Amino acid sequence: MLPHRVDAHSARSLRERLLSAGVAPRHVRRFLRELDDHFDDALRAELAKGADLASARAAAWGRLGTEDSLAQSVIERPELRSTAARFPALVFGVGPALGWVGAPIAIAGVLGLLPEALRHAVSPAELAGVVYTLLLVYVRLLPVLLGALLLTAAAERRLRATWPIAGAAAVDLLAGTLVVYLLPGQLGVTSSLLPWLAPLSTAFGPKDAMALSHGLLRGACMLALSLIAQRLFQRLRGSDEPTPTR
Amino acid sequence: MPIAKTNPPFMTGVPELLVLRLLADREMYGYELVHSIEAATGEAITLGEGVVYPLLHALEESGCLRARRKPVNGRTRVYYSVTAAGKRRLASVLVDWTRITRAVSQVLQGGHLAATSS
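Taken in order, these protein sequences are the chains called A and B. The first sequence begins at 1 in this note's numbering and counts up one residue at a time. The second sequence begins at 1 in this note's numbering and counts up one residue at a time.
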């Protein structure tokens, strides 16, 4: 006999209530799976007592509790809330921007720890080519994927998209205004934003309004691509999860 | 944890104590645990069957329980067992429970009058 499941409408309604209250998705998924198992056990027990299927289903559901009591029993436990629901500004806003900025610093630190011989295993020209490719991925592809990931995570948790969009926009602003170049014997990165952020310093080069506007446009395009990627991902999954509230 | 209407309101904390105590003997899954509590208490204590899971998740989150999936009769069930931290928690809750029940019993039996007057 196939396992019996909690009524799909009740399960969906309970899932929405729990996610909207900030309960971590992993707890919601497991809770619903365990309720299904419990329901199946209870229903088999009722059937074994001689009840017909309809009354066994009603009795099994009654033993589990009302939807209100089930939802309340989870929601009232703060330890089951997700970190993202507790600290959305940190998880979706500040965290991604700091992570994106910090990642190459950490990688450079790790590379610096490599033995001298290993670092010189490839020729400077080959190394420049590899680093150039990685930098392009870092400033053009990674921010788009990161933005899509943030929006997807927020949608899964039924959180407002304000902080994910802010976090993704911050990364896109920084990344979009960066330009990576590779000339013979020279690999570099320039920012059209930094001269405007440090107006009294000439260390970051001259202010170039045209370059900045191109960078901002690139950043806006990257944010738009993140939103499109998140929608596509949602559609591919066939998920009924709503797009986060804007 | 919300408890069935048949249980009096001073039962706060009792489900945690019972869950830790029964799982200290052997690992169980939720349905089995609910019915073990009913059987062990002679049905004097009945938990809302569905609401035992948030308690189990919370105890696991605090490191008192460990959960593992185990295939049984073609189905995968989540079994819970008590960790070392859970055993320490059980010992601590047990001490509190014993102290409180002893004090309440003393009051109910009139022992507090002798203690107050001496």
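These are calculated hints, taken from the structure and not from any lab test. Incorrect hints may appear among the rest.
[Said to hold, decoys possible] Not the full set, but computed from the structure, chain A residues with beta-carbon under 7 Å of chain B:
1. 31
2. 32
3. 35
[What the hints assert, rightly or not] Stretch by stretch, here's where chain A covers chain B in the computed footprint (C-beta under 8 Å, at least three residues):
4. 42–48
5. 57–63
6. 86–98
Computed from a prediction, not measured in an experiment: that's the story for all the values here. Each residue gets a CB set at the ideal place from its N, CA and C atoms; glycine is no exception.
Item to complete: List in ascending order the numbers of the hints, as given earlier, that are violated by the structure.
Response: The structure breaks hints 2, 4, 6; every other hint is satisfied.
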